[in-house]
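> Single-letter residue listing:
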Amino acid sequence: MASSSSSGLTFKLHPLVMVNISDHYTRVKSQMNPPVTSTSCSNTNGNGNGAPAPPPRVYGCVIGVQRGRTVEIFNSFELLYDSATDSLDRAFLLKKQELYKKVFPNFYVLGWYSTGSDAEESDMHIHKALMDINESPVYVLLNPAINHAQKDLPVTIYESEMHVIDGIPQLIFVNSSYTIETVEAERISVDHVAHLKPSDGGSAATQLAAHLTSIHSAIKMLNSRIRVLHHYLVAMQKGEIPYENSLLRQVSSLLRRLPAIESEKFQDDFLMEYSDTLLITYLAMFTNCSSTMNELVEKFNTAYDRHSRRGGRTAFI
Amino acid sequence: MEAGKRKTEEEQQTLVDRKRKAEISEPPTTTTTVTMNAVETLVTQIQGLSGSPNDVVALHAHLNKVDEALRGESARLLPFLDQIDPSIHSLGYLYLLDACTSGPVSKELAANLVLITSRFITSCSTEQIRLAPEKFTGMCKRFKDQVLLIEAPMRGVAPLLVAVRKVQPSSEHLTSLHPDFLQLCLLAKCYKTGLSLLEDDIFEVTQPRDLFLYCYYGGMICIGQKHFQKALELLHNVVTAPMTSINAIAVEAYKKYALVSLIDNGQFSPGLPKYASSSAQRNLKNFCQQPYIELANTYSTGKIAELETFVQKHREKFESDNNLGLVKQVVSSMYKRNIQRLTQTYLTLSLQDIANTVQLNSAKEAEMHVLQMIQDGEIFATINQKDGMVRFLEDPEQYKSSGVIERIDSSIQRLMTLSKKLTNMDEQMSCDSLYLAKAGRERQRFDFDDFDSVPQKFNM
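Protein sequences, first through last, are from chains A and B.
Numbering-wise, the numbering used here puts 298 at position 298 of the first sequence, and it's gapless, one number per residue.
Numbering-wise, the numbering used here puts 341 at position 341 of the second sequence, and it's gapless, one number per residue.
If you're looking for bench data, these hints aren't it; they were derived computationally from the structure.
Heads up, the beta-carbon is just placed ideally off N, CA and C, and yes, glycines get one too.
Please note that a few of the clues may not be correct.
[Said to hold, decoys possible] Under the rule of at most 30 angstroms between Cα atoms (straight-line distance), these lysine-lysine pairs were calculated in the DSS-like manner:
no.	chain 1	residue 1	chain 2	residue 2
1	B	Lys336	B	Lys303
2	B	Lys438	A	Lys265
3	A	Lys265	A	Lys238
4	A	Lys265	A	Lys220
5	B	Lys317	B	Lys386
6	B	Lys274	B	Lys400
7	B	Lys313	A	Lys220
8	A	Lys220	B	Lys438
9	B	Lys189	B	Lys226
[Claimed, not checked] What the simulated footprint calls covered on chain A by chain B, stretch by stretch (three residues with Cβ under 8 angstroms from a Cβ of chain B suffice, anywhere in the stretch; the number is not a length):
no.	region
10	278 to 287
11	295 to 302
Kindly generate the complete structure, drawing on both the sequences and the hints.
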């Protein structure tokens, strides 16, 4: 099913489409009853215990503009999947198309989307059904399984092509490459969504904490990469790995670029500033501790002191 | 070799006695006296049952039953102690030793017992001891009395330190042995050992009297080592600890607190912080008014002659409180205080002028004082001996070294753990029924509108 497309079309995908699809999927998943456990869990358990249901598939249409050989997918909307007729809700689709035409006259229905890990045979039916609206629809597939190791987006775009298999000409899905195209408004919203929940866990309630968290994760990444390099160099020194001179030259040039300043004055200033920052943190912790202590003492006095003063509770600040 | 031979003899004894035990009924209980046979069977039982933890628990239960009977026979139990090994049969040894010492003890017997007990404490096994902590603590207290009886407190210091560590469930717990150990350290004048125990932070206390005594003795040890800062902390703890009615330890501690505060800070305010108990706040001042608080008032005038006449006048009172040495240190600290005040006014000063201002007798004395202070790190100065001028300098510490950073970092870590502990205690306190009862009663006077929505504490 996979080989790369030969149609020569370049695809441009907007983030709005991806956000829409994932939002649709999340909504349906959370509204299911009983709630579905994450897909990774259900994959490992199989259907053994029966309680977690397989994650639902959601369907919808993608719309956009085709200019010459460039296909730009701007937006998407949801559709209901009618399992009886094994096709998407045609009436709704037409109505939505009409409504969108009024606002965005340039947009056409370019294809459809769904969720899942791989394209399936049954998808071909839906694909063929859409062929009367668009001669060569695209199929956007989003994989909702969260894979932390994977670095690129779990979105694949398929096109249909006529191939001869076993003497029979058949339509099959072929993979196409795509690029991400972003409008300014989309960049802001994606940025906002990305910072709502930092990937490292912990709540970044204030701007300062968010800033420090991002610095921390950057430094952590730097640290882990340096560790890999170090390990590699040590192994090379021990003789476990054959010498690779080009790599060694790169490493030595990198080292020669390090520290730009190594003087007494720099050390002094640096340590002074470091100790200043530490002192401020210390002071902040002290204040926090004192405030807790104050509350504790108030409570203790109210509870256990026989002749305590009957003062009301006043705010600390 | 001999021990091995003795062991086989004992094993034979065990077999014989086990057979005999099957014929004899249960060892007699409380009222009847114990025959030598029964003690021997007990000894063999101890030897037999000290193997696995389950056996030890069974042995413990059995020993509790025969405890009373053993105490009656205290005089004759001593030879049996040689038959059992303190490191393996610790629990049995403990009970036998406890019974030996329960009766009145003469001086010669005390010397012998001290030796046996110190060997026992150093070699006993911690798990077995922890099954009967009160017995162990009681026996150690009697050990302390014996050591004091033979007037050799130094001999009790090391064993008691080991005993404290063995009985403590964790380094944050305060046991009844802590104050006894510190008392021995004070009497034996080995303050450094005492200081090592004072390094731990205490978070759990079972008996309030232990806390009072511990902090009081600890304060005295720190004074002996001239760690006035830590002494101030410990004495402050005694004075502000929760107490429903005033007690003598707090009064004595308050007197020393006043004196140490004068030596270290140069001033003393009789008021107590709000977390001190109300009974302390009202009553402590009255007990210590004469002459301590007046001493503080005289000190604040800064005139040495007045201070010295005052001290002379109330000499007997200070002596009866055993505080005369401390008061003398207060007087000498007055000179230091005055010299320090000079550093804030002058850049250079001649030794003769220093002597005149501070009311010392001669320039030589002034030079001695200044030299001592420079060595202690209390002032920063250079003495030019040619023309007898002293030049006062700034503190050269720049706080730029990595040592300073490490210190701050470790302090921050400690503060974080302390903060977590405090938050836990705060939560526990909020759930306390007494507090909720009283707080609930007060709250009704306020409307909902009186509470504003700003949080009272920022969580980091």
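> If a hint holds in the structure, say so; if it does not, say that too.
How the hints compare with the structure:
no.: 1; hint: B:Lys336 with B:Lys303; in the structure: holds (13 angstroms)
no.: 2; hint: B:Lys438 with A:Lys265; in the structure: violated (61 angstroms)
no.: 3; hint: A:Lys265 with A:Lys238; in the structure: violated (38 angstroms)
no.: 4; hint: A:Lys265 with A:Lys220; in the structure: holds (28 angstroms)
no.: 5; hint: B:Lys317 with B:Lys386; in the structure: violated (46 angstroms)
no.: 6; hint: B:Lys274 with B:Lys400; in the structure: violated (37 angstroms)
no.: 7; hint: B:Lys313 with A:Lys220; in the structure: violated (70 angstroms)
no.: 8; hint: A:Lys220 with B:Lys438; in the structure: violated (50 angstroms)
no.: 9; hint: B:Lys189 with B:Lys226; in the structure: holds (13 angstroms)
no.: 10; hint: 278 to 287; in the structure: holds (count 7)
no.: 11; hint: 295 to 302; in the structure: holds (count 7)
In summary, the numbered hints that this structure violates are 2, 3, 5, 6, 7 and 8.
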